[in-house]
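Student: Construct the entire structure; sequences and hints are all you get.
Letter by letter, the chains look like this.
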Amino acid sequence: MSDVKKFLYVNRKAPYGTIYALESLEVVLIGAAFEQDVSLAFLDDGVFQLTKGQNTDGIGIKNFSPTFRALGDFEVTKLYVEKDSLEERGLSPDDLQEIMYEDEDDDWEEKPSIRLVSRAEMADVMADQDVVLSF
Amino acid sequence: MAYEVNGSTVEHDEEGYITNLADWTKELADVIAETEEIDMNEEHWAVVNFLREYYDEYQIAPAVRVLIKAIKKEMGPEKGNNKYMYELFPYGPAKQACKIAGLPKPTGCV
Amino acid sequence: MSTLHTVNKSPFATQTLMSCLNHCKDGDAVLMIEDGVYGALANSGMADFVRAKSASLAIYVMSPDTAARGLAEDKLLGEVSGVDYAGFVDLVAKHDRTQSWL
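The listed protein sequences derive, respectively, from chains A, B and C. The working numbering numbers the first residue of the first sequence as 1 and each following residue consecutively. The working numbering numbers the first residue of the second sequence as 1001 and each following residue consecutively. The working numbering numbers the first residue of the third sequence as 2001 and each following residue consecutively.
These aren't lab readings, by the way, just hints derived from the structure by calculation. Don't take each hint at face value.
Claimed, not checked - Partial list, computed: chain A residues near chain B (C-beta under 10 Å):
id	residue
1	Tyr20
2	Leu29
3	Ile30
4	Asn63
Every residue, glycine too, gets a C-beta built ideally from N, C-alpha and C.
Tutor: Structure below.
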């Protein structure tokens, strides 16, 4: 495809209190079929979407956190996570689940999808897009 | 709407996807396959089993190209291709195989 | 290359305005709409922060939304300009992308 655009999905909401997080993930998966240059941004309460150890058995809502680990199969391999947002919430990168993808151009080597960025770097990522979709 | 398996019934939606994923059994898969006019053989089962394992791990059905890549890895390039998959599941590997595997309709399929 | 940011939440209910302003690049525009217009109040606890940011950003407020909420112009920051719906469209057209802060 000749006309590839840069799409950024901005995630700023915690996972289960509202439907935003799940809707975002579904749009990302559907949008993956269009083979664009897709990135995901996690900032503010959005960083809570990626924490490990989520178990929704008691609240009757599907736990969609494992699905983030499938994103690599959909060629979505850039998950920008804002360090400042983690720190403000008392979280460290170790509190996030490991998300890997296989790099087709590098002999299928496994590489981490999560890229930690500062607030200023996140602003740069946002300013570098053709289309920004907010959730 | 429901499938009948060994005298008990399993509910499904208007398109034939079962309502409660926990209701799935191998016997049910055969019943669903029959309504899809598919005679399940080992090759069908390999795809269905892959889909179920993938869903168990990621809570989502794989994209078709992921499915094909995985089949290629497991069974070789003569099977890991679109043509072979459509021979197995003429009405769409994602839709039909997911239905038989007892998974929800794949995200992105309309 | 610049971005139009829209904010539709009151800064007294969520961190949305704060987060938006902290992710803007110099030369970007911010348009407060719906409950976001409360961010333009001149005597609020947010006023100093918004005023400081207005040095490097163009900040707008949706006039029909301030009118609906009874916010008279003299209650709003002087650094914030009012626009109508046509002005909103002009802002979208003038920038390279639009980012909604929800």
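Student: Quick check on tyrosine 20 of chain A please, does its C-beta sit within 10 Å of some C-beta on chain B?
Tutor: Tyrosine 20 of chain A check fails; min Cβ-Cβ to chain B is 17 Å, beyond 10 Å.
Student: Are isoleucine 30 of chain A and chain B close enough, Cβ to Cβ, to be under 10 Å, as the hint says?
Tutor: Isoleucine 30 of chain A check passes; min Cβ-Cβ to chain B is 4 Å, inside 10 Å.
Student: Holds or violated: is the Cβ of asparagine 63 of chain A closer than 10 Å to a Cβ in chain B?
Tutor: holds, 7 Å
Student: How about leucine 29 of chain A: closest beta carbon in chain B under 10 Å, or not?
Tutor: holds, 5 Å
In summary, the one numbered hint that this structure violates is 1.
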